[in-house]
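A.B. asks: Chain by chain, the residues:
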Amino acid sequence: MRIGVDVGGTNTDAVLVDGRDVLAEAKTPTTPDVTGGISSAIRALVASSNVAASHVQAVMIGTTHFTNAVVEARRLAPTGVIRLGLPATEALPPMVAWPTALRKAVGGDVRICHGGHEFDGRRISAVDPDELKRVAADFATKGISTVAISSVFSPVNAEAEQEAAALIAQELPAAAISLSHEIGRIGLLERENATIMNACLRELASQIVAAFHAALAELGIDAPVYLSQNDGTLMAVDYAERYPVATFASGPTNSMRGAAFLSGLGDCAVVDIGGTTSDVGILQHGFPREAAVAVEIGGVRTNFRMPDVLSLGIGGGSHVDGADVGPQSVGYELTSRALVFGGDVLTATDLAVAAGLAEIGDPERVAGLDAEPALARIEERIAETVDRMKTSADPIPVVVVGGGSILLRDTLLGASELVRPQRFAVANAIGAAIAQVGGEVDKVVALEDTTRAAAIEEAKAEAVEKAVAAGAERSGVRVVDVEDVPIAYLAGDATRIRVKAIGDLDLGRVGVAAGG
Amino acid sequence: MRLVGEAELEDIAVGAAILGTGGGGDPYIGKLLAQEAVRRYGPVQMVTVDEVPDDAFVVPSAMMGAPTVMIEKLPRGTEVINAFKALGGYMGREPTHTTSIEAGGLNSTTPFVVAAQLGIPLVDADGMGRAFPEIQMIVATMHGVSATPMTLADEKGNSAVIDTIDNSWTERLARTLTVDFGATSMIALYPMTGKQVKAGAFIAGTIGLAEELGRLVRETRAAHGDPVGAVVERLNARRLFGGKVVDVARRTEAGWAKAEVRIEGSGEDAGSSLVLQIQNEHLVAIRNGEIVCSVPDLIVVMDAENGGPITTEELRYGFRVVVIGAPCAPDWRTEEGLALVGPRYFGYDIDFVPVEERFPR
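Each protein sequence line maps, in turn, to chains A and B.
In this text, residue positions in the first sequence follow this note's numbering: the first is 11, and each later residue adds one.
In this text, residue positions in the second sequence follow this note's numbering: the first is 10, and each later residue adds one.
With the rest of the complex left out, here is chain A:
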């Protein structure tokens, strides 16, 4: 039996799952410290299900802690930033385009040192141990204990980053070190930005993991904790402490994964309608499609894997003015400010009640309200957003989840069918609970001594091993994604291969390090 929790901006949702059966669900308000909301959601869940806490085998949590910390520029650790690339790259130092407040919060102690590679694997310059020792000594006197290291073309050749990491670890044994080739893709500034974010969150990650353990212990749950990653897989807490950025945007991912599970559909659009916004994403083979372009977080461009999500300002709490809906919303005050709850604001939820789409609050208070024009407008805008996310004009199935999904009727333009599964309101927590573990390989291969086919087979085997090492049951591991892109403009034959393998968590041997 496992518990899935998803922390949203308004609500914290929790579900209890046994195998593929959802036994109970709970919804509580999100608290400012986040952990308090998680505790009360789990407490409510345990109370309503009559299941002994000792029967819980694993707890999966999707949390917004880390995204919030960056967006609010709070609780970030002073970070040392080392870029290897001299004499190249000096014209644009690390953190060059960061908003001042965020840069200040991270400390922004940046150094550009020797190292790095050319596109074809030649070294730009050798890593200089003395130079790095001086930097480490300087970081030590400043009390910096988390370091981000990036290197030119490290996704092609990671040697320079690894050499530098070993040197820094020698000088600063207690330092947490984040390496850019493990976090982002080609595109130095964006990859470096993501790595710096990861580095500045690592202290917070340790604190949060400790808080989770304490909260669960208090509830009498003695089970391993996993965090949701933004690709729809889980990571064990020790991995989460090293790669906190992997949790960014795990909320929409959990909703989409939950929608896939509840509807039984693997290829479809998912519309998650919350209190303030609707998120639209696309499932491919059961996993969210990844964004192809740079994604901004807290005003900073990053390029690590993120779900491709389009948001629009329509939710259950959206203000309604004539046929106009949103983007202003009453948010978490829905149950006091909406008309049906005795409030004085006409919200989208009131429309749904007036049209007989939902029975919430007091329908008498909206009797005679003409909801048709505004509901039609909501439908039109959501259909438009789904259409923008599609890759062709062919109609596709659309799954609607989230508390605000009562706003849609039974059809949607451009949808081959509109599916509103059971337990749609807690799809996100279900997505967290049913998440699997994965292994990913992303490398550039020179095709001089090998063929493309052989290189792909080798990468597949590597990905499967990684998934097993992360805690997957070997028998069930399957390769879900193979991408092979010849590298344009470059001399010689090189190709970039990305392979992802996924498998169910082996509950019989929980406790092993799960990763990506």
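Hints listed in this document are in silico derivations from the structure and should not be mistaken for laboratory results.
What you are looking at is a predicted structure, and each value in this text was computed from that prediction instead of being measured.
Careful, some of the hints might be misleading.
[Said to hold, decoys possible] One-sided and incomplete, this derived list gives chain A residues near chain B with beta-carbon spacing under 10 Å:
#1 A101
#2 A107
#3 S135
#4 V162
#5 G197
#6 A304
#7 I307
#8 V451
Using N, Cα and C, we set each Cβ at its ideal position, and we do this for glycine too.
Dock chain B against the given chain A, drawing on the hints supplied.
C.D. replies: Same frame as chain A, now just chain B:
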């Protein structure tokens, strides 16, 4: 003369993406480089073509290389000083001004790095009035200005001078050197006198135009106005079509990023369709089977909602866009100009007809 700083560069980058007609490279890195340079060395003096003395030595500067490498191996910043020094040494004269090879895309802002660092003025002009993919596709070619002597430099301190017998050798040697430098280099080429610039070897005012376009988009957007309409008016362009992208078919052919894009009309264009043919840039627009605009006139695809220019790589199904056609620089409409950049050069067996005639208002 006026000063250009960080804020102006922000606008220039947006305008450069409009003039880039879908190509020319992502102006983002170029903008950051220029903004960082003016932060370090102070704002750049931008002069009009009229203000350039006849005996000035004007040397355009640019970044050359593979786009994927440009976003990874960032420049040191001093490459261009070496490129200018090498050219000065070879020609026996230090450059007094720099300017832009192409106002569209990445290289619209590159010369600001040079100007800020060397403390020399930048001439408000460019060689194309838009973006084009090959080194000889600049109006200076028609004014008898040669691309060489040209210099290339890397971040390690290497530089090279090439002096060639024709443009295909220039392209070939420059490419080979650039790959050896690590697939990116800073280049100085098409050295000219002030007199040549004034005689029309470069197109006057195009960087200022890019800035104006960027500002128009920003201001009309803030005022909830119509950014597309503002750009159409400023460029004396035609609004060719509005609708939704329904198909993008891409292929790579002989080094070209080719694509054919189908747009289905909406609003006043409902029931019609537009096909865009693309080779790095948008080259031909065909509305209901009839050509409405072709290279060298500018075909710009803009986001229907916010007026932001959309590059060919970004285009995909579902985008709501407005396509506009703008007249190119008059030089390109001559027989000589069309031989360099007309539809036939790009492999389309069609005559060039100005967009104003193909698509009367």
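A.B. asks: Each of the hints needs a verdict: does it hold here or not?
C.D. replies: Here is what the structure says about each hint:
1. A101: holds (3 Å)
2. A107: The hint holds - A107/A has a Cβ within 10 Å of chain B, the shortest such distance being about 6 Å.
3. S135: holds (8 Å)
4. V162: Result: holds, 5 Å to nearest chain B Cβ.
5. G197: holds (5 Å)
6. A304: holds (9 Å)
7. I307: Where the cut-off is 10 Å and the nearest Cβ of chain B is about 17 Å from I307/A, the hint is violated.
8. V451: Violated: closest Cβ of chain B sits about 20 Å from V451/A, beyond 10 Å.
Checked against the numbered hints listed earlier, the structure breaks hints 7, 8; every other hint is satisfied.
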